[in-house]
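Turn these sequences into a full structure, and let the hints guide you.
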Amino acid sequence: MNIPSKYEPGKAESTWYSYWMKHGFFKSTPDDREPYTIVIPPPNVTGVLHMGHMLNNTIQDVLTRRARMQGKNACWVPGTDHASIATEAKVVAKLKEQGIEKKNLTRDEFLEHAWEWTHKHGGIILEQLKRLGASCDWDRTLFTMDDKRYDSVIKVFVDLHNKGLIYRGVRMVNWDPQARTAVSDEEVNYTEEKSKLYYVKYRIAGEDGFVTVATTRPETILGDTAVCANPDDKRYSHLKGKKVIVPMVDREVPFIFDSYVDKEFGTGCLKITPAHDINDYEIGIRHKLPSIDVFNEDGTMSEKAGMFIGVDRFQARELSEKELRKSGSLVKVENYNNKVGRSERTNAVIEPRLSMQWFLKMEKISKPALDAVMNGDVHLHPSKFRNLYRHWMENVHDWCISRQLWWGHRIPAWYFSNGEYVVAETEQEALELARKKSGNKSLSAKDLVQDEDVLDTWFSSWLWPITCFDGINDPENNDYKYYYPTNDLITAPEILFFWVARMIIAGYEYRGEKPFSNVYLTGLVRDQQRRKMSKSLGNSPEPIDLIEKYGADGVRVGMLLCSPAGNDLLYDDSLPEQGRNFANKIWNAFRLVKGWHVDDSIPQPESSEVAVKWMNEVLKKSVHEIDNNFKKFRISEALMSSYKLFWDEFSGWYLEIIKPEYQKPIDRKTFQATVDIFEKLAELMHSFMPFITEEIWQMLKERKDGESIMVTRLPESKRYNKELLASFENIKETVTAVRSVRKEKDIPNRETIELLIMADSSEYDNSLMKVVSKLCNLSSVEFVEKRREGAASFMIGTTQYFIPLEGKLDVEAELSKLRQDLEYDRGFLANVMKKLENERFVQNAPANVIDLERKKKSDAEARIKSLGERISHLEKLL
RNA sequence: GAGACGUUAGCUCAGUUGGUUUAGAGCGCUUGCUUGACAGGCAAGAGGUCACUGGUUCGAUUCCAGUACGUCUCACCA
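Residue numbers (the working numbering): 661 to 1538.
Source of the hints: derived by calculation from the structure; they are not laboratory data.
No incorrect hints appear here.
List time: in silico PhoX-like cross-link candidates among lysine-lysine, alpha-carbon distance up to 20 angstroms:
no.	residue 1	residue 2
1	K1273	K1304
2	K750	K762
3	K1280	K1382
4	K1340	K1304
5	K1209	K666
6	K1281	K1392
7	K790	K780
8	K1254	K1361
9	K1245	K1209
10	K1392	K1273
11	K902	K948
12	K1281	K1340
13	K1280	K1392
14	K1477	K1525
15	K1525	K1515
16	K1364	K682
17	K1477	K1403
18	K1434	K1403
19	K1329	K1434
20	K1304	K1281
21	K1392	K1382
22	K903	K948
23	K1292	K1378
24	K1319	K1329
25	K861	K902
26	K1392	K1434
What follows is the structure, given as structure tokens:
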């Protein structure tokens, strides 16, 4: 057989993925096995795969495949969300390119375009996940706006409204002028930005004097309805009851006092614009001030501004500066850094704006969700997020759930007269309610007007673990009862509040039970300068290109190796490269084993027999370690255990021991054992590297159509022989030491050497010594009582080893090495003695600790003694 | 401004209830090898007053307090 020396992943990937699909290995239906369920964090339906998705979905696939191989009924539910702001923005932009303005379309016409866009671009990201090897049950693919999910969201809205948890009201909201919608507090990011502080004079009405006010937003002067100082501020107390004149518009407004104002800041004098600042809004309420909204919804100046009408707010700022300067009202302008809120979606500067919105009361319904995390029903990994979670949940604000968009779940509220409204699942029900509420039996559907707004996208995804199994519409269905609560949720920490907390809230509200037991929060994928990877920065590689370059298995390993839970991953091409190299290592080990000829007539060498025994113990030990790591969600460490197991133990030691000489055959027993071990290793690594392990597993033994590594059972954790493992570590040290001697003395490998051990042969396992003989090409191993002259020597533990050199010994070099060792041992002994000579240590420390120190002492003394003897012998030779 | 978390090798991180032969891994680095599975490899090696200062203790990388620096979250500073 001619197997290429480099693993070529491309073909195996497409072959095996379609094989798995064809045989329905990803499918799950309820049965009597234990379920293992993950719901995917739904990506944006029209989005494409980025590095964060790669990391996140690799972890989900690893967990799913592993659970499946543990005999559980594994179900990973895929789906996408409608991402209302982002998708609507894209559709609007696309229409604009075609010369169509959204405002010239009816709602239905617009939605037709939006669906068309969704169908055209939708699902690309799911196809990309397949390239990664994702073992989702694709028959269950969902969308937050498909019929069942849509109806569920509407039902929940109506239900929460009927429970009195949803209300409508005028509030100061975060307005995104670019998307022309309100967004929730969680969707605003504050960043420190350079701006300017303008000092502006306000004349005092009927007097000559003036006050100076500092503001960062001179364009909002047009909406000022008061000027305010702290009541304790003596500088302004004479202005009590007076009025000041707002520059530019010459409006007379009252001078008021409120303790909110900081005397120390700026001039201690604050202009009040209740329509455009959350604090001013509150002061406005306290002092019953009128509010003047000077902006349109797109961020241009409104009619009410009285100036700069139709001009963008930032341009209006510049015009205001000019105008103020012209009229002599501008005292000075300073550079100033302040926090500016920007929209998560559009990056537009958020405009605080008064508007009528729908809110969900959070305080009461969030309580069980807080408890669930605090009492450990829901585990956050890493647990440091618990504090953060508690802090947020204890200070939770009402959630603004309405968005001024068309793409999404339309709010099921109907208005019928003077702002009166009813909330119902259908227009028909709404009509009946409206008739009842108004007492007007002749109301008809024509008299009802449905709310124009849609719900926040998160208001649909917070139900995701429930709606994935249609649990709102049909709470008694089998899927829901079987799969809910799900097991693990894998997501990014940035959406802990956006999404995770709210899912837990919904879980308790609608099922009385948590939605999942574990939340694994991945890190963020960053570049080498620690910048978050993003399209706009252009610092992110194209995931599919990476898969083509390094193979899906290589990329998966690369993403996992460097991503302990909650730690950011500093991406570098060397990561998938390491993954690819590992795949290649596995491939070449396979090539070696596959290339052997088996001869039934030759007996199994002793070294091979013991190697097989040892390898099986190592395997058991690794299985144990890997299990432990998975239990703690230390996935990168579980992978590292497998990596070292395969690379160091299996390839570096085991295969080297059992490897027959070039072109010589191998015995049947060893060969069979090796194939079995290889099979187990492949199974152990399958969840990390599904493709190469399947490729190899299929060729390792005769397989029938329909068999697959992905439906085999994982080796289970068992007790392992610690003594054998320890003696073998000794053997490894011996081999390493002999290799060093060969290297130092320049003795080529094919030249045999003798090894003398100054010890009693009964203390040594003869078959293990055969391993040393084979790996070091020894002609003999001899146990001696006395030191051998003219030999290289080394020490393992307290035992001395010699390799006769026949005059090749470099006495000077040997001496200097020995003296170095002696120095180390003396230092070590001094350390130990410091403890042992401390009476209080001997009195207080537990017996086993003291015994250990005594053992250290006697070992060190023994080593020092033999080193000293050898040194003095060698010195005589000089 | 308040709080949370962190600071261990050049980089990214482990270090499991304080004692495990004077601290571990992967990558990177250095040196030597085309040794017939693998140069995407093999072998050997260098590299750390465990941020700093105190405290508790027979004993601290590990526990406590403070300092410095960093990351994140929340918050109304014009």
